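**Student:** Just so you know, the protein sequences line up as chains S and R, in that order.
The opening position of the first sequence corresponds to residue 1 in the numbering used here, with each subsequent residue numbered one higher.
The opening position of the second sequence corresponds to residue 1 in the numbering used here, with each subsequent residue numbered one higher.
These aren't lab readings, by the way, just hints derived from the structure by calculation.
This one's a predicted model, so the numbers in the text were calculated from it and none came from an experiment.
In this text, a Cβ means the ideal position worked out from N, Cα and C, and glycines have one as well.
Treat each hint with caution, since some may be false.
[Said to hold, decoys possible] Pairs of lysine-lysine residues, derived as BS3-like cross-links and limited to a Cα-Cα distance of at most 27 Å, are as follows:
#, chain 1, residue 1, chain 2, residue 2
1, R, K24, S, K96
2, R, K237, S, K144
3, R, K24, R, K77
4, R, K77, S, K144
5, R, K139, R, K77
6, R, K24, R, K139
7, R, K159, R, K77
8, R, K159, R, K139
[Said to hold, decoys possible] Stretch by stretch, here's where chain S covers chain R in the computed footprint (C-beta under 8 Å, at least three residues):
#, stretch
9, 61 to 73
10, 96 to 104
11, 192 to 203
12, 223 to 232
Single-letter residue listing:
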Amino acid sequence: MTAAVETRILRYRPRQRLVHWLGVGTVLTLLVTGLALLWPPLSFIAWGGVGPTLHRVGAVLFMALPFAYALLNPRQTRELLVEIFTYDREDWAWLKHFPGYFLGHAAGLPPQGRLNAGQKLHHAGTFLAFITVSLSGLALWFLKGSLGATWLPVMAMLHDVSMLAVTVLFVGHVYFTFVYDALPAMTTGYVSPEYARLEHARWLEELTPAAPAVETPETDEPTEIVVQQA
Amino acid sequence: MGQNAILVDLGQCIGCQACIVACKTGRELAPGEAYIHIREDVRGRFPNLTGSFVHHRCFHCADAACVAVCPTGALSKVDGLTAVDLAKCSGCGYCVDACPYGIPEMVDGHVSKCTGCTDLTQEGQEPWCVQTCPSGALKLGPRESMLSLARERAALLAKRFTSAQVYGETQLGGLGALFVLPDEPLAFGLPEQPQVPTTITAWQRGVQPLTQGITGLSVLATALAFVFARREHHREKRALAAQAAQGEAGDDSGR
Ligand code: HEM
Ligand code: SF4
Ligand code: SF4
């Protein structure tokens with residue numbers, strides 16, 4: 001065995017990582033400036049109208065981001081949308097083990113593709129909440145003053161519930177990232193073969209169809225197995 | 001202290017606007033900001049015209065929609081009046097839509113609405129407008145005595161204006177600003193029986209605390225589970241690594 005050899009697998013390209021972190025930034029901005037309207041300890045953010053203005057700037061970026069990405073990468077976007085709303089038998093089998101996975105047990109679970117069933121649910125939920133939070137937010141923004149005392153609270157309730165969905169999904173997403181040491185995938189863009197084998201065995205197989213799992217190349221350079229997809 | 005009320009007698013108002021000036025000065029309002037608006041209202045057909053000065057100012061509803069909708073507690077009921085704590089206001093603007101009378105406005109990112117001068121009334125003083133009114137159209141006192149005074153005055157006024165009446169006795173749980181009107185409420189654009197929409201209550205009492213509570217709980221629960229789950233997963237990874245090492249050794253010897 002050659003000790004210095006390192007194999008890494010490309011998981012997210014720079015543009016995907018950029019979109020991801022911009023998304024995180026806007027969601028956190030929206031969450032803090034939004035909660036500032038409800039929670040007195042944060043009310044100072046709203047002084048002079050700063051909070052509500054930031055919320056609107058954040059909202060524009062937040063809504064523009066997915067559209068910008070979809071325009072630049074139409075095929076990947078379509079594939080992603082199909083992927084997150086398609087669940088096969090292995091996904092359901094995996095979901096039955098979700099409580100164990102939540103508590104830190106990934107070994108022995110049904111092999112998963114590029115996204116595991118939990119990630120698919122997270123992405124699908126985020127996609128749906130994106131729509132409701134945007135529509136209700138636009139109503140609160142542009143129809144304030146004409147919605148009237150009955151419908152304003154209805155829109156605010158929809159916004160609140162969407163906010164809840166976004167936040168709980170966000171918290172869960174961060175949770176699994178740190179329980180399973182998945183952060184490098186989105187910072188460096190690469191994951192280790194051990195990680196891929198444990199978490200996304202089917203994906204790993206698809207990437208290296210000819211080879212039996214991962215070959216360790218006979219060089220001292222870190223090599224990459226370039227993913228021919230999203 | 002008991003329930004106070006402000007009496008606004010439109011039969012006595014001479015439209016001098018002294019209350020507006022006193023309010024602006026006393027409450028240190030921004031240029032262009034005002035808690036009281038007064039317009040002259042002319043009704044009927046020539047030559048049978050009647051006129052009066054109409055005050056547009058907070059009605060201090062007992063069941064106040066603005067208090068119900070305010071998410072920060074900046075608006076609250078104090079001795080029957082609807083008080084404002086500007087430091088708590090987040091500028092969300094929900095009270096603007098909620099008020100059935102269209103009273104609150106947004107100025108400089110915070111609410112602008114009559115505070116009832118509750119800082120003064122709690123020290124036994126009268127609100128700025130009441131202190132200043134030269135014609136006796138404005139009074140502050142316990143709601144019961146204000147109500148009987150209002151009735152007396154409306155009865156007097158009814159000799160000249162047959163529809164004269166008191167507004168605010170029953171509306172929205174009883175208003176903290178009792179108006180003596182020379183005519184029907186609708187003539188002044190005042191709704192007979194305004195309502196607080198149930199969606200406001202459903203939102204502030206139900207959905208909002210629930211969503212905030214669940215959001216907070218999810219953060220707490222995952223924080224607790226995190227410590228445990230991470231330890232479990234690392235244990236699992238070490239076991240897998242050990243297995244793999246063993247497997248490799250086994251493969252080598254088998255070939
Ligand atoms: C992750 C996304 C978002 C989060 C977490 C979020 C959070 C919040 C929260 C907590 C509130 C206070 C709700 C309440 O009063 O009950 C709020 C209010 C509001 N949100 Fe959002 N929001 C998000 C996205 C958006 C978007 C996309 C828009 C606009 C298109 C938007 C526009 C508004 C508006 C207009 C208000 C009313 C308050 C104001 O006028 O500033 N929000 N948001
Ligand atoms: S009149 Fe409007 S602002 Fe005044 S207490 Fe009633 S709801 Fe609130
Ligand atoms: S604008 Fe201020 S006073 Fe009005 S509902 Fe929002 S926090 Fe309350």
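**Student:** If a hint holds in the structure, say so; if it doesn't, say that too.
**Tutor:** Here is how each hint holds up against the structure:
no. : hint            : in the structure
1   : K24/R - K96/S   : violated, 66 Å
2   : K237/R - K144/S : violated, 53 Å
3   : K24/R - K77/R   : holds, 22 Å
4   : K77/R - K144/S  : holds, 25 Å
5   : K139/R - K77/R  : holds, 19 Å
6   : K24/R - K139/R  : holds, 18 Å
7   : K159/R - K77/R  : violated, 36 Å
8   : K159/R - K139/R : holds, 22 Å
9   : 61 to 73        : holds (count 5)
10  : 96 to 104       : holds (count 5)
11  : 192 to 203      : holds (count 6)
12  : 223 to 232      : holds (count 7)
The earlier numbered hints that this structure contradicts are 1, 2, 7.
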